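Asker: Sequence:
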Amino acid sequence: MTASTPEASSSQPLGQPEQEQAETTARKRVLLAKPRGYCAGVDRAVITVEKALDTYGAPVYVRKEIVHNKHVVETLQDRGVIFVDETDEVPEGALVVFSAHGVSPAVHEEAERRNLRTIDATCPLVTKVHQEARRFARDDYDILLIGHEGHEEVEGTAGEAPDHVQLVDRPEDVAKVEVRDPSKVIWLSQTTLSVDETMERVDQLKERFPELRDPPSDDICYATQNRQVAVKAMAAECELVLVVGSQNSSNSKRLVEVAVQAGSDAAYLIDYAREIDEKWLEGVTTVGVTSGASVPDILVLGVIDYLAERGYGEVEEVTTANEKITFALPRELRQAMSDVR
Numbered sequence: 001m002t003a004s005t006p007e008a009s010s011s012q013p014l015g016q017p018e019q020e021q022a023e024t025t026a027r028k029r030v031l032l033a034k035p036r037g038y039c040a041g042v043d044r045a046v047i048t049v050e051k052a053l054d055t056y057g058a059p060v061y062v063r064k065e066i067v068h069n070k071h072v073v074e075t076l077q078d079r080g081v082i083f084v085d086e087t088d089e090v091p092e093g094a095l096v097v098f099s100a101h102g103v104s105p106a107v108h109e110e111a112e113r114r115n116l117r118t119i120d121a122t123c124p125l126v127t128k129v130h131q132e133a134r135r136f137a138r139d140d141y142d143i144l145l146i147g148h149e150g151h152e153e154v155e156g157t158a159g160e161a162p163d164h165v166q167l168v169d170r171p172e173d174v175a176k177v178e179v180r181d182p183s184k185v186i187w188l189s190q191t192t193l194s195v196d197e198t199m200e201r202v203d204q205l206k207e208r209f210p211e212l213r214d215p216p217s218d219d220i221c222y223a224t225q226n227r228q229v230a231v232k233a234m235a236a237e238c239e240l241v242l243v244v245g246s247q248n249s250s251n252s253k254r255l256v257e258v259a260v261q262a263g264s265d266a267a268y269l270i271d272y273a274r275e276i277d278e279k280w281l282e283g284v285t286t287v288g289v290t291s292g293a294s295v296p297d298i299l300v301l302g303v304i305d306y307l308a309e310r311g312y313g314e315v316e317e318v319t320t321a322n323e324k325i326t327f328a329l330p331r332e333l334r335q336a337m338s339d340v341r
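Taking UniProt numbering, the leading residue of the sequence shown gets 1, the next gets one more, and so forth.
Hint data in this document are derived by calculation from the structure and do not stem from the laboratory. Here the structure is a predicted model, which is why all the values come from computation and not from measurement. Just to be clear, a hint being listed does not mean it is correct.
Quick list of in silico lysine-lysine cross-link-like pairs, BS3-like style, CA-CA up to 30 Å [stated by the list, open to error]: (1) Lys51 - Lys232; (2) Lys253 - Lys70; (3) Lys128 - Lys206.
Distance windows between CB atoms, simulated [stated by the list, open to error]: (4) Ala266 - Gly311: 13 to 21 Å; (5) Glu149 - Pro215: 16 to 24 Å; (6) Ala266 - Tyr56: 41 to 49 Å; (7) Met199 - Gly263: 15 to 23 Å; (8) Glu282 - Glu172: 35 to 43 Å; (9) Glu178 - Asp305: 48 to 56 Å; (10) His148 - Arg331: 27 to 35 Å; (11) Gln131 - Lys206: 18 to 26 Å; (12) Ser217 - Glu172: 25 to 33 Å.
Every residue gets a Cβ at the ideal spot worked out from N, C-alpha and C, and that includes glycine.
Using the sequences and the accompanying hints, generate a full structural model.
Answerer: Here's what the structure looks like:
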């Protein structure tokens, strides 16, 4: 009797912590990546179009999408922005804004021939890559541009030095590269790529060209890197990661890939909370949420609200960097705004 008493008395308190632990384990939560959403270049581009509307009135023409986000584009269209694929669709003498992704010199020349008034909203970090392409072309280097074929940024950068640039997109492209002098080769990259994917391609290129030079400074933009680092920090704890961003957003698509590579069971790219499939949430206790660099935070808040309605009321922010970078508006717009005052 005396021997069984301690066992009986100790069995009571043991069960309670186990129950609490089970409840804690099953508690639904959201890990919210920070930084996420708008980078300085996107913020500058969107504000540029908004200020152009305020200064000049509608319509304002924009070549391509100002940034790769469906919600932003539709919102600006509602305010009187007309998006076109090429400058020859803009009425002669009208105002056209060049998108954050940059354009080639040929586009600038075409706009000048048609007497278009232009505002260049190219992200300064993209402009830096353009300057690097021009510099190394002047020095007669072969330039290996790592990026995705057909992306507007790649087209703009390659257009700076078409006779010197070769695009390297997929692994099989590495074998196709031909250079004139293996000691005068440099690689540049699209700013919105996955850091890991880019360095994998660089390593492959260096196997063929050991003297391949690195860019003078990092081409992949700070915001792209920061968002990928934040996703890596939380993905292993998540059964599901939701990336808010559009299908044509390169940096948003990379976040989906990074999330899975970093340990999440699944990751999906969505524009709006309404696109979430309820089946994705089955058996999921921890959902990671982030957004691409061209996504306004209102869309992320919509996802948080959607998840809260389904029991994911606990939100924990995972912070890996604090971004304080800002870019001045384009010079031509600042001048026009000053003249209006």
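Asker: Of the numbered hints stated previously, which ones are contradicted by the structure, given in increasing order?
Answerer: Checked against the structure, the only hint that fails is number 1, while the rest are satisfied.
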